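Q: What follows is each chain in one-letter form.
There are 2 protein chains.
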Amino acid sequence: MSTQDGSRPMQFIANRDEDYAQWYVDVVLKSKLADYAPVGGCMVIRPYGYALWENMVAALDGMFKETGHENMYFPLMIPESFLKKEAEHVEGFAPECAVVTHGGGKKLEEPLVIRPTSETVIWSMYKKWIHSYRDLPILGNQWANVVRWEMRTRLFLRTTEFLWQEGHTAHATEREADEEALRMLEVYRRFAEDYMALPVVCGEKTERERFAGAVRTYCIEAMMGDRRALQAGTSHFLGQNFAKAFDVTFQNESGEHEYVWGSSWGVSTRLVGALVMGHGDEKGLALPPRLAPIQVVVVPIYRKDEEKARVLEVAHQIHARLAKNVRVHVDDRDQLKPGFKFNEWELCGVPLRLELGPRDLENGQVTFARRDTGDKGTVPLDALESEVPTLLDMVQTGLFDRALEFRENNTCTTDSWTEFREQLEAGGFVYAHWNGSGETEARIQEETKATIRCIPFGRQPEAGKCILTGEPSEGRVLFARAY
Amino acid sequence: MSTQDGSRPMQFIANRDEDYAQWYVDVVLKSKLADYAPVGGCMVIRPYGYALWENMVAALDGMFKETGHENMYFPLMIPESFLKKEAEHVEGFAPECAVVTHGGGKKLEEPLVIRPTSETVIWSMYKKWIHSYRDLPILGNQWANVVRWEMRTRLFLRTTEFLWQEGHTAHATEREADEEALRMLEVYRRFAEDYMALPVVCGEKTERERFAGAVRTYCIEAMMGDRRALQAGTSHFLGQNFAKAFDVTFQNESGEHEYVWGSSWGVSTRLVGALVMGHGDEKGLALPPRLAPIQVVVVPIYRKDEEKARVLEVAHQIHARLAKNVRVHVDDRDQLKPGFKFNEWELCGVPLRLELGPRDLENGQVTFARRDTGDKGTVPLDALESEVPTLLDMVQTGLFDRALEFRENNTCTTDSWTEFREQLEAGGFVYAHWNGSGETEARIQEETKATIRCIPFGRQPEAGKCILTGEPSEGRVLFARAY
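Sequence lines, in order, name chains A and B.
Take 4 as the starting number for the first sequence in this note's numbering and just add one per residue.
Take 4 as the starting number for the second sequence in this note's numbering and just add one per residue.
All the pointers check out, no bait thrown in.
Chain copies aren't distinguished; within one or between two, either way the pair holds.
BS3-like, lysine-lysine: derived pairs with alpha carbons at most 27 Å apart:
id	residue 1	residue 2
1	Lys131	Lys33
2	Lys88	Lys110
3	Lys87	Lys110
4	Lys130	Lys35
5	Lys340	Lys379
6	Lys131	Lys286
7	Lys131	Lys35
8	Lys88	Lys131
None of these hints come from the bench; they were simulated from the model.
Please read these numbers as outputs of a predicted model, since none were measured by experiment.
With the rest of the complex left out, here is chain A (with noise of 0.2 Å):
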C-alpha cells in the first residue's frame, strides 16, 4: 500500500481533477479522520478526525453559551405518535427513521423511532416546564447522535448516524423566535468564516427546500472544491406550529393565555467533510489552524547521529516553547525520512510546518513552510513564540482569501437560459431571476439537477424575469447543484 522510503508520497489519493469523489474518499480514509463501519451507512470517527470535531465543539459551544444558551440532554428514543403531531414534520421524518421495537426481549406496545431531529419530545417537555411569561424564553440545545435511514451515503457528509447540536428555543413572542433564527444564523455564518476559513452565502430556503415544520429556514451555503454548494448549517422559525402540535400554552404579563413561539437550529459533524471539500487541494486536507489538531508540525532533519542528538534536542526545545499557546507536534519518528513525513503532515493538512536540519541550527533559525499557499521561509529561533503565531494567523486568512477568490470566480450572474445551464453543468454558483413557483423550482432541478440553495439575504430588489418562465421575478436567487 506504501513505500515508507520517503521517494514518494507514502499515500496515493486519486487525482482531485479526474475524480474529486474518490480524492475525497481517499483524503478522509487516509488522513484518518474516519472510517467506514460495519453498519451500512454509518462510519466511525477516528483520533485525528475527533479531535477536530472537538475543536468545532469547543468553539460553537462557546459561541452558543455567550449568546444565553443552555446544554440539556433529551432521550434518543421518542415514541412514534410523537412525530405524527406535526403534519409536515412526519411527512418529512417518518420516511427516514430508525425504529425500535423490541426491547429487553419483549415487543413494545408503542415502537419507538431514533431521533432524527428533537423538536417533538423536546416541545413534550417544554409544555410541562412553561406555565407563564415568567418561564420565557428557553434557550436550550442539545449535543447528541441522530439517526436518518439514508439510500446514498458518504462519510461526514450523509452518515445514516451523525453527531451535531441541536438547539431549541421557546419565547413569548414571535419577533423573539425570529430574531433567535436570525441570531444563531448569524453565530453560524461566523463560525464558518472565522473558524472555518470558509466564506459564506446566507439567506432563506425556499419553500419547497424548508424544514418540515418551520415557517422559515435560514440557511448558509458554502461552494467546495468541485464548486458544488453544500448546506453548511440551518436555523429555522418554527412560529408556533410544535407549540400547537403539543399543546404549549403561556400566560401572558396580561394573563391571557397564548402559544409559544419557537426556534431550531443545527449544524452537524457534515462540517468535518465541508473542512475537506472547501479547503483540500492535490496534497490532502488542508485545516484552518483555528480548527486544526495539530497546528505546527516540527520535523527535525539529520543524516549522522552526532547531528541527530543536537536536532532533537532543539526540536523538543521548540515544543516545549510553543506549546503553551499552541497545538504543536514534533515528529521525531527514527524510521521515516523527512521527505515522507512532509507528504504526510500534509496529507493530514497541518497549517505550518517547520524544518530543522543543521544548517538551521548553525543559522539559529527554522525553516518553515505554510500548507495553504506552500511558501517557505525561515524564522529566527529566538523569534518563534511571536512569529508562529502570525504565521498562523496568515494561513487562517490565506485559507479564507483563496475559497473566497474560488468562489468569486465561479459564480455568475446571468439572464441567459444557455448561460445558466452552462454554468451549472460546469458548476459553480448562479444568480438568476425566478418567479417564486415551487413548479418552476422542481423543473429546473430536473432539467439542470441544480437546486435554489437560497434566497440571499440583502439582495437588490431588481425587477426581471424568471430564468425559465420569464415571468415576472422581484429578485435573484442562487442556484447551484449541492451535496
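For this one, chain A is given, so just place chain B on it according to the hints.
A: Using the frame of chain A, we list chain B on its own:
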C-alpha cells in the same frame, strides 16, 4: 406548590430519614437536575444537571488525555450477530438490548441492537487497524449514549438510556493491558475523591459480579447517605477474549502472530446520582466546589429602595471581581425575599453563599455561609479574591471529610453471623470472611440482600472462617446492600 414569601422552604422535599427514596427523587426534580422523559425509563437532563455533568466530563476528559488517551466515535447501532461472538458478553447483554428492526420504511435483513456497551463494534474496527506491534497500544475512549433495557429505573442511577464514557484499549502484552485497567481505576479513584469529594473503596469484583466478557473487573465503591453502596466506576482487564472473538492478531517484534490484549473502563451519568446521595442532606443537594455549576451565589439584601441601588451595585462588583476564577452568580431577582433565596440555593447545593446587606456594606464586608457545615462568618470586601477560593477549598475538604467520617462510622468488621446480618439490615459496610465460592455469595445475598462489593486492594492476608459456611478464608471482603 410553594409560598414565595421566605417564611418556609419554597420546595418541600421528603424527610430524608423517613423516606430516602422519595427524598432522592424530590431533590433531583426540585433542584432541576433532571425530569422524567415521556419514554419509560428515560430521563431528560435539565440545564443545571447537564452543567454538572459537563464539569465532570471536562475533569475526566482532561485526566484521560493526560494519560495518553484519544477520543473516537463508534456507531450507535451494532449488528445483532456481533454481540453473539463473545459467549459471556451476549449472555450478559442480549436480554437488556433495544432492537432496531426497521429502517427507512423497510424491515432490516439483520436486526441492529442499540449499543449497551461498545466492545464488539470497537474490536471489529481494531481488527482493521491492528497488524503489527507498531500499531499498539491503541488508547481509545468514547463519550456516548448507551441503552440498557432496565426493569426498575431511577433518575440518574439506573435509566434505560444513559450517558457515559467507555475506554477501549488494545495492547501487545497481558501485563500492559492489566496495568492499563488498574491505571484507569486509579484515575476514577482520584476523580471520585478529589473532584466528587467521595471516598471510595478500590478492589476487584468477584466472578459473579464481573463484567460479561472480562477476565477481571476492578471497581470503586462509595457509600451513599442511606449507607448503601454504589458502584461508581469499573475497569476491566479483558484478556484476549474480544481479540479472539473478533480475530484480532498482531505480528510481534519476533514476527510471530499473537492475539491482542484488551481493557475497557467506564463511568456514567450515574455519578450525578452518587453526588446527590453521597452529600445531600435534609436541605437538598450539597455539591463539591470543583464540580458545582455555581460555586458562589451572592444574595443582595435590602429593605428600602435607597439601599437597593447601593447593595446591587456592590453585588455586581463582587461578581465582576470573582468571575475570572470562580463560577459566581448574583441572585438579583426582585420579587423574592432573601430567606426564600437562601432555601433555594441550599436545595441546589451551591457550596458558598455570600450575603450582602446595608450593614455589611457599612462594615466593608460580606457575610458567608458554607453549604457543608452551615458555618457563617464575614470576609472583608477587599479580601474576597483570596478568601473565596480558600473557603471553597474548605467546603471541598469538608464534604470529603464528612463523607469519610460517615463511612467509617458505618463500617464494621465482624466474624459473627448475627452481627453481620444486623449491620447489613441497618445499612452499612461489613468486612467479613468468605470462602470464595459463588454459591455462598448467592446464598448470602438471598439472606441479607447484600452482595460482595469487592475484594479490596491491599487487604491484609488473614486466615479466617467464612461468615456463612465456616469454611477457610484467606481474607475479608466488603459486603453491602447496593444500588
